[in-house]
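Engineer: Chain residues, written in single-letter form:
Number of protein chains: 2
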Amino acid sequence: MKDKSKLKRIPKRAVYNREEAYKIIDNNYICHLSFVQNDIPFSIPTMYGRDGNTLYIHGASVSRLLNEVEKGFPVCLSIAKVKALVLARSAFSHSLNYESVVVFGKGKLVNDKDKLLALKVISDNLLKGRWEECREPNKKELNATKVIAISIDEITGKIRDEGVNDHKEDLDLPIWAGLVPIEQRFLEPISAKGLDEKLEIPDSVQMLYR
Amino acid sequence: MKDKSKLKRIPKRAVYNREEAYKIIDNNYICHLSFVQNDIPFSIPTMYGRDGNTLYIHGASVSRLLNEVEKGFPVCLSIAKVKALVLARSAFSHSLNYESVVVFGKGKLVNDKDKLLALKVISDNLLKGRWEECREPNKKELNATKVIAISIDEITGKIRDEGVNDHKEDLDLPIWAGLVPIEQRFLEPISAKGLDEKLEIPDSVQMLYR
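Chains as they are written, first to last, in the numbering used here: chain A, 13 to 222; chain B, 13 to 222.
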């Protein structure tokens with residue numbers, strides 16, 4: 013199994029430290045979950061949460077995606093965020109700055125006893141502290157929801173966070189080169205229609221702007 | 013093949029119009045390319061560009077990923093961008109606003125004659141107009157680069173762009189609910205180290221801020 017996630021190209025971009033790779037997971041919202049059905053690969057964007065070496069995804073109990081993933085066949089999921097356009101003097105040296113992870117693991121249905129805790133993990137990844145502020149799922153909602161645990165058996169993180177790497181012979185070309193950083197930021201919260209005006213922006217949301 | 017990409021759940025979020033789905037493709041930088049090798053799914057983040065009904069990806073000629081994808085077996089790729097946290101009164105109704113596409117197709121090696129044009133398509137997706145400003149790839153660079161064309165045989169776009177959808181019975185709970193919009197924006201360009209100061213920010217970059 014080991015050779016699946018060993019980086020063959022440009023190993024200097026690899027994040028071999030599991031904790032560093034986990035930071036990339038925890039710093040994003042959508043993973044792309046890949047599985048095989050009838051020899052055809054599927055790649056499906058979905059929310060997730062991580063607790064230790066386990067990722068959780070959820071959906072409707074009738075979801076075809078989850079029905080497939082819970083069978084325990086190998087799955088792969090990737091997460092990526094673009095951080096900058098890297099504009100070089102040569103077309104060849106153009107690139108992106110980014111952070112990404114690729115995870116190999118297997119899915120397993122979360123049983124009813126552990127479902128609430130697993131849903132909290134997904135909620136925490138969306139917004140830490142929100143679970144404690146909102147109404148917990150009731151029995152009917154829990155029954156309508158399926159949660160799958162995916163073991164993080166192998167993980168590879170990659171980060172490119174550097175400047176332009178033009179070839180030496182291109183450095184004097186009269187061509188502008190540089191980075192265009194891309195920032196992902198939270199704008200002001202927008203209260204739901206008809207919300208009681210006396211309700212204040214909760215701590216979980218305020219933490220996003222600190 | 014048709015049933016692969018027909019949305020079974022929440023069809024109101026589907027973008028069945030191909031042009032709308034293409035806008036989502038053209039509005040992002042990284043796709044998650046999924047393929048099967050020895051019954052194991054792989055999901056690999058990579059840059060891309062679109063021309064008509066074809067997606068192009070590229071990499072080193074020796075890339076294992078590309079060697080696999082050029083064989084012409086089915087591949088799937090997905091693209092997603094998060095647009096807002098959707099914070100409801102109930103845990104169950106939490107969500108994300110997002111835009112996403114899932115594409116099913118097959119890969120094919122781009123021959124030497126068409127390689128330059130295909131690379132321009134990828135460059136245009138990174139930054140329109142940049143190709144014309146920078147040094148084109150030379151023979152050696154072209155030989156070191158492999159480009160794969162992926163036919164967009166099926167595509168499904170999904171957009172969630174709405175407010176909080178709490179259940180009626182939760183609307184009067186004393187819990188704040190609303191959206192936290194997430195914006196992706198370009199920061200000021202950063203010139204490469206040692207760049208001739210007389211070189212001005214080019215048109216391609218200036219267009220990003222208009």
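Honestly, the hints are just simulated from the structure, not real lab data.
It cannot be assumed that every hint is accurate.
The list treats identical chains as interchangeable, and a pair is accepted whether it falls inside one copy or across any two copies.
Stated by the list, open to error - Below are the SDA-like pairs computed for lysine to any residue, each with C-alpha atoms no more than 20 Å apart in a straight line:
#1 Lys93 with Leu139
#2 Lys152 with Glu181
#3 Lys95 with Lys180
#4 Lys95 with Ile36
#5 Lys118 with Thr168
#6 Lys127 with Leu139
#7 Lys170 with Pro149
#8 Lys83 with Leu207
#9 Lys93 with Leu128
#10 Lys95 with Ile37
#11 Lys152 with Asn177
#12 Lys125 with Arg62
#13 Lys210 with Asp182
The structure displayed is predicted, hence computed values, not measured ones.
Engineer: Compare the structure with each hint and give your call.
Structural biologist: Now for the hints, and whether the structure bears them out:
no. : hint               : result
1   : Lys93 with Leu139  : both (18 Å within a copy, 17 Å between copies)
2   : Lys152 with Glu181 : between (67 Å within a copy, 14 Å between copies)
3   : Lys95 with Lys180  : neither (25 Å within a copy, 40 Å between copies)
4   : Lys95 with Ile36   : both (12 Å within a copy, 19 Å between copies)
5   : Lys118 with Thr168 : within (16 Å within a copy, 26 Å between copies)
6   : Lys127 with Leu139 : within (18 Å within a copy, 44 Å between copies)
7   : Lys170 with Pro149 : neither (36 Å within a copy, 26 Å between copies)
8   : Lys83 with Leu207  : neither (42 Å within a copy, 55 Å between copies)
9   : Lys93 with Leu128  : neither (29 Å within a copy, 27 Å between copies)
10  : Lys95 with Ile37   : both (15 Å within a copy, 18 Å between copies)
11  : Lys152 with Asn177 : between (56 Å within a copy, 17 Å between copies)
12  : Lys125 with Arg62  : within (18 Å within a copy, 46 Å between copies)
13  : Lys210 with Asp182 : between (61 Å within a copy, 17 Å between copies)
When the structure is compared with the earlier hints, violations turn up for hints 3, 7, 8 and 9 and for no others.
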